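A.B. asks: The chain contents come next:
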Amino acid sequence: MDENGRDPLMNTGSAGRAALATALEDNLRVIDIPPRPLIIDRIRGEMLQENPCLRRVGQLINADVGLAAALIKTASSSSFGLRARVRSVADALMLLGLDVTSRAVAAISLRRAFPNSGHYLRFWDASARVAALSGWLAQEVKRPGLDAADAYTFGLFRDCGIVILLRRLPGYMQTLARANGDGDRPFTAVERTEHPTDHAVIGALMAVDWWLPDDICQAIRHHHDRAALAPVESELSPVCRRLIAVSQTAEHLLQELRGASHTQEWAKLGEACLPLLGINEEDLRQMHAGATAIIDAVE
Amino acid sequence: MGVAGGTLAARDPTTGFHLRSAGQSVGARLFAVAEQSQASVCALWLDLDRFRQVNDSFGYAEADAVIARVAGCIRSVVGERAAFLRMGSDEFAVLLPAVDTPDAERIAGRLLAIIDQPMPLGGMLFRPSVSIGITWRHAADDPLSLLERADRAMSEAKRQGGNRFVVLAAEPPHTTSGSWAARQDLEIESVLHASLATGDLELHYQPIVRADGSVEAVEALMRCAVGGRQVSPLQLVAVAEKTGLIVRLGEWILLQGARCATRLHEHGCQTKVAINVSRLQLCSPNFLSVLHAALICTGLPADALELELTESLFMDASPVVQANLRGASEAGVGLAIDDFGTGYSSLANLKDLPATKLKFDRAFIRELPGDRRAFAILSAITRLAGELGMVVVAEGVETAAQLAACEAARVDATQGFLHAKPMSEEALLRWMKTAGIR
Numbered sequence: 000m001d002e003n004g005r006d007p008l009m010n011t012g013s014a015g016r017a018a019l020a021t022a023l024e025d026n027l028r029v030i031d032i033p034p035r036p037l038i039i040d041r042i043r044g045e046m047l048q049e050n051p052c053l054r055r056v057g058q059l060i061n062a063d064v065g066l067a068a069a070l071i072k073t074a075s076s077s078s079f080g081l082r083a084r085v086r087s088v089a090d091a092l093m094l095l096g097l098d099v100t101s102r103a104v105a106a107i108s109l110r111r112a113f114p115n116s117g118h119y120l121r122f123w124d125a126s127a128r129v130a131a132l133s134g135w136l137a138q139e140v141k142r143p144g145l146d147a148a149d150a151y152t153f154g155l156f157r158d159c160g161i162v163i164l165l166r167r168l169p170g171y172m173q174t175l176a177r178a179n180g181d182g183d184r185p186f187t188a189v190e191r192t193e194h195p196t197d198h199a200v201i202g203a204l205m206a207v208d209w210w211l212p213d214d215i216c217q218a219i220r221h222h223h224d225r226a227a228l229a230p231v232e233s234e235l236s237p238v239c240r241r242l243i244a245v246s247q248t249a250e251h252l253l254q255e256l257r258g259a260s261h262t263q264e265w266a267k268l269g270e271a272c273l274p275l276l277g278i279n280e281e282d283l284r285q286m287h288a289g290a291t292a293i294i295d296a297v298e
Numbered sequence: 000m001g002v003a004g005g006t007l008a009a010r011d012p013t014t015g016f017h018l019r020s021a022g023q024s025v026g027a028r029l030f031a032v033a034e035q036s037q038a039s040v041c042a043l044w045l046d047l048d049r050f051r052q053v054n055d056s057f058g059y060a061e062a063d064a065v066i067a068r069v070a071g072c073i074r075s076v077v078g079e080r081a082a083f084l085r086m087g088s089d090e091f092a093v094l095l096p097a098v099d100t101p102d103a104e105r106i107a108g109r110l111l112a113i114i115d116q117p118m119p120l121g122g123m124l125f126r127p128s129v130s131i132g133i134t135w136r137h138a139a140d141d142p143l144s145l146l147e148r149a150d151r152a153m154s155e156a157k158r159q160g161g162n163r164f165v166v167l168a169a170e171p172p173h174t175t176s177g178s179w180a181a182r183q184d185l186e187i188e189s190v191l192h193a194s195l196a197t198g199d200l201e202l203h204y205q206p207i208v209r210a211d212g213s214v215e216a217v218e219a220l221m222r223c224a225v226g227g228r229q230v231s232p233l234q235l236v237a238v239a240e241k242t243g244l245i246v247r248l249g250e251w252i253l254l255q256g257a258r259c260a261t262r263l264h265e266h267g268c269q270t271k272v273a274i275n276v277s278r279l280q281l282c283s284p285n286f287l288s289v290l291h292a293a294l295i296c297t298g299l300p301a302d303a304l305e306l307e308l309t310e311s312l313f314m315d316a317s318p319v320v321q322a323n324l325r326g327a328s329e330a331g332v333g334l335a336i337d338d339f340g341t342g343y344s345s346l347a348n349l350k351d352l353p354a355t356k357l358k359f360d361r362a363f364i365r366e367l368p369g370d371r372r373a374f375a376i377l378s379a380i381t382r383l384a385g386e387l388g389m390v391v392v393a394e395g396v397e398t399a400a401q402l403a404a405c406e407a408a409r410v411d412a413t414q415g416f417l418h419a420k421p422m423s424e425e426a427l428l429r430w431m432k433t434a435g436i437r
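In order, the protein sequence lines correspond to chains A and B. Okay, so the first sequence: first residue is 0 according to numbering that gives the first Met the number 0, each after it adds one. Okay, so the second sequence: first residue is 0 according to numbering that gives the first Met the number 0, each after it adds one.
Extracted from the complex, chain B is given alone in its bound form (with noise of 0.2 angstroms):
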């Protein structure tokens, strides 16, 4: 468009790029266009690395041909349907429609390849560098918020040493519904990024309970609190998957939780610990080395720690996730089936799974003892299991009704509020010393 459309009046000389002060103008229009064809709208933070030291060193001239050349960059790798902006003396930002997650991470990977180019300067061979944040749009944002949510995941990518992108949460859904909770998983999220880098996270330990009163396990959960409200180890642990974050949690995750079970045996509490693991880290090629890895550590037997899973989990075809339940299994690591029941549960597998422990869901007992369909199920599944030499746990147990149901139906042990809830090891170290437990 020329000059005759007005356009250039408000376009950065430099760089060609719309100025900031047309974000929400600009935004408008090609969140309209998007929302024709129901396309998704990614924003591009990028902000220059250690900018001021080039204004610093070399004066406006030379700073403005850096700004200039990582402006080209921009426009040549990102094509012509985006809308640029330039935000400040060395911030830029990009709205893309209709990309998605991979798209734009191949985008900012090639944006961080060709502009970390060495350029000449000031008669020195100078290589410019830039962190990018990249989100998308939700039902409830206006231009202006979703640049500011890019903003924020730049400052991210900043703040773990630049030259670098942060996908701040991946794309939302597109529901307006759905907007309000991809809101919220932004903020655990990024919570958990802060927890990661402080170590502000926290394992409890929910003990499972023979009918003996003896501890069969303890489970590890993950502790964090989100705006002064604890999140729910389900919650963070989807957020976390999402984002990839769990990896090293569930890293740091084994190895506390093996530490745990260290001291426990040190106080003569001779009780597994079960830890959670996630559909990511058991297809990781490096699982199994990162498990002996924590058992080496801390000196712990195999036997005394287990991993939870779900079913769906322990049937997934890949090679890479059945070759490491093998190897935990021949470790000597146990197995337990999580959330038994919730998912298409097939009987005929229960016999082709490595497992040695079945968890009842909470959503069975919830039942009991009022519904004998229930009762009935839990019953003969607990004699199957049994006979294939499985531990049946019923986890949920509020009630004291609960509990007589779950022992009529013979289960191994119980777990819930009824006993304790999560707790610090600290303080399920006393619990188990006032319970006489060991």
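Here chain A stands alone, though its shape is the one from the complex (with noise of 0.2 angstroms):
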């Protein structure tokens, strides 16, 4: 808890990070970036054939079991965009292509890569419901090059650093409050005048690592950066900004709806957001019915 007896864990909308303080003082193992799970090589070796072969693919994918069911969970879920009903493995390839198979699979992975304790479970439910949000909201917005798939990718791993800082740098917690509260500098400023390096550089690090695509790669490492949401100024592509700015608008989302959060991130970044999305103040109040149901569905 910080000085003001808030929790510095919640600082992204991610009210399961409370937990985790608890869980710095686990004596697990100390882990690296978990490495990239063999099954998205293996999809991944088989988009390399001239013939990929969807059927080879889905019986990689249903001798892990737990891994099938998320899978049809995921596919199904109103967070990927697919209208049809996704019944089995060989439906959501069908329906998702390898491609996008193979990244639902890495964010199902990404869960699994983690310890496993209750604290992590919160944690990656709170981040769950970003990343439903994010997939749901960016079909919402319909915005060029915005995949709902990739937004719900994105919202899974944007802060999986902090998971990995948190057990390797002492003191990182009290950061983390620190970066919580500052209405001004940005997050990742905040955390590198105290630390060499910052979660965004560590997620991003992680997703070249899991061979994740480059959008959501460079939206990993500036998803704390306003001045990369700018129009005019921004290296990034727009299909990456728009990525950022709606993960952001799903955790203010988060916030306003469960009330659960004490970030500044919204107060930062959210008037860059809405542009990037074509909606305004209005059309995200309007949103909000919708937006319940998922974060219900979720739940």
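Simulated from the structure, these hints should not be mistaken for lab results. Here the structure is a predicted model, which is why all the values come from computation and not from measurement. Ideal Cβ placement from N, Cα and C applies to all residues, glycine included. Please note: incorrect hints may appear among the correct ones.
[Stated by the list, open to error] A few chain B residues facing chain A, derived, Cβ under 8 angstroms:
1. Asp48
2. Asp115
3. Ser128
Got two chains here, separate frames each, mind docking them using the hints?
C.D. replies: This is the structure in structure tokens:
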């Protein structure tokens, strides 16, 4: 808790992060960036074939019952934008294609790659809510190049660097508290004044390691960067900027509807996010009912 | 030009652009004009994203309105000195003389922005977007081969999610002999793109061996096959630098290298891993935070990692480069002067560089043991670098006689095929175990 009695882990709309404080005390093995799961390599290997065989990929996924079930659930969720009902891994593969399937598998594997204690479960549940809202919002605003599956994947990976830094850097918890409370400097600038790197760089490195698309890697790197959202000066692609905007907006919606965060991010970035999604504050208010349904579905 | 000139008949009525069938002749005319002033020819291929949806949802009349609007945008951004072609229902090409890479990128950026404006369509607001491929004419190109390449670049833009542009190779060299090399670069670039998307890249490691047989470090080298043939790491890095892929690639290499070092340590091999760093990476204000991220993520002590960079990069006056070098050095990461002796080496500068290691280029070692003068230089500089606290390594050692000469010159360690070729991490561990190295 910080000096105001608030939980520093609530910085980016993730109610469950509070529990991570306790998790730090766990005597779990110090973790590296979790290595890319073999299944992703296998799917990618199949994509390299001249005639990729969906059935073979289906067999690989079905061999892992938990993964298969999670893939069907993910593909069926409204966050992925599929209108058709997904009943099997084969359905998911047909409807999503290999590329999106590999991203969905990465998103599912991400959660499994970290320790699975109660604290971490709550952390990932919170990320899952931001991810689901992001995927849904991407479909609602229909902006060019803004893909629901990418928005969902980005929402899940966006803050994974925090978990790694909490385990690696003594004092990072206090840094998090200060970054949360800073209404002026970018979140990552606060981290950098106290540590040699920040959670956005770590998260982007992990995304590069997991071969996520470049837009997602860049969006993770810059998701607290106000200049990156600016229409003219930004070096990021429009798709990348929209990914950031959609996840910050999703997080803001989550905070408004669940009141579970003390983040200053919307005050710093919100103004730049809405035009990128082609909506205004009123449009956002109109989305409250839909967003509530999405959060309820995740919970 | 009016109807009398016969041009209207060859043009598309919706856009006023030349038809695809006129591509060869229109292109040839533009090539001829460009040749007179020795100007380059840039080709842009534009493809509307999600156009089939428009066709299916709103019908052809509305779709034509979108096409006409986009064509108008293209013409207004590019200007009249270009040749405009409609290559398909939702595809356009522009041939543009005397445009360099920054200009072309500016034009493409402007096109993306202006086309992205909402337009009324069937009672709704529709925002068209395009994918753009950009490339330049090489000496051997005819108009169609140039357009085909621009089309390939556009496909890559589409593959990356659309609503963006992709530049396929920078402006070509102006000589005919450069054309082959440029084509080869294109091939490497496209493989690199594909490999980065699919994770089909690998690092191999070549040991650097001390006189007592222990391993001083291993150098990480990227491995990638193009058309069934291994491309040299040097060539890969050159292409990756030219296309900007080096930044993402460099981050991946840093993490993999740090991971390898951690695993070597876990196996009891207290060996450093050396990683090549390019100018573009070191010019990034983010470089240090990525370096620290790789160390933090793997838990590797900083002194188990070494960065290899050329002498000219050490001498780079850019404040960002110098700050990055200083930061890496202060963190305890080793810094090696790579390929020493190939550039304008200055002994006076050696004392000011924050280097911990000096690597003699293979060109020096090749002359050994026969060339007494080469030996004298090797021997003298080894002594000097030693006095400055640097470890001295000789690269490209291939024969026992060269090794003996290096040892006589008292270099600290040697690297080359005589000891081992670059190999996978697994093979390296086996090699170390077989050789009894710890």
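A.B. asks: Each of the hints needs a verdict: does it hold here or not?
C.D. replies: Here is what the structure says about each hint:
{"no.": "1", "hint": "Asp48", "verdict": "holds, 6 angstroms"}
{"no.": "2", "hint": "Asp115", "verdict": "holds, 6 angstroms"}
{"no.": "3", "hint": "Ser128", "verdict": "holds, 4 angstroms"}
Hint compliance for this structure: no hint is broken.
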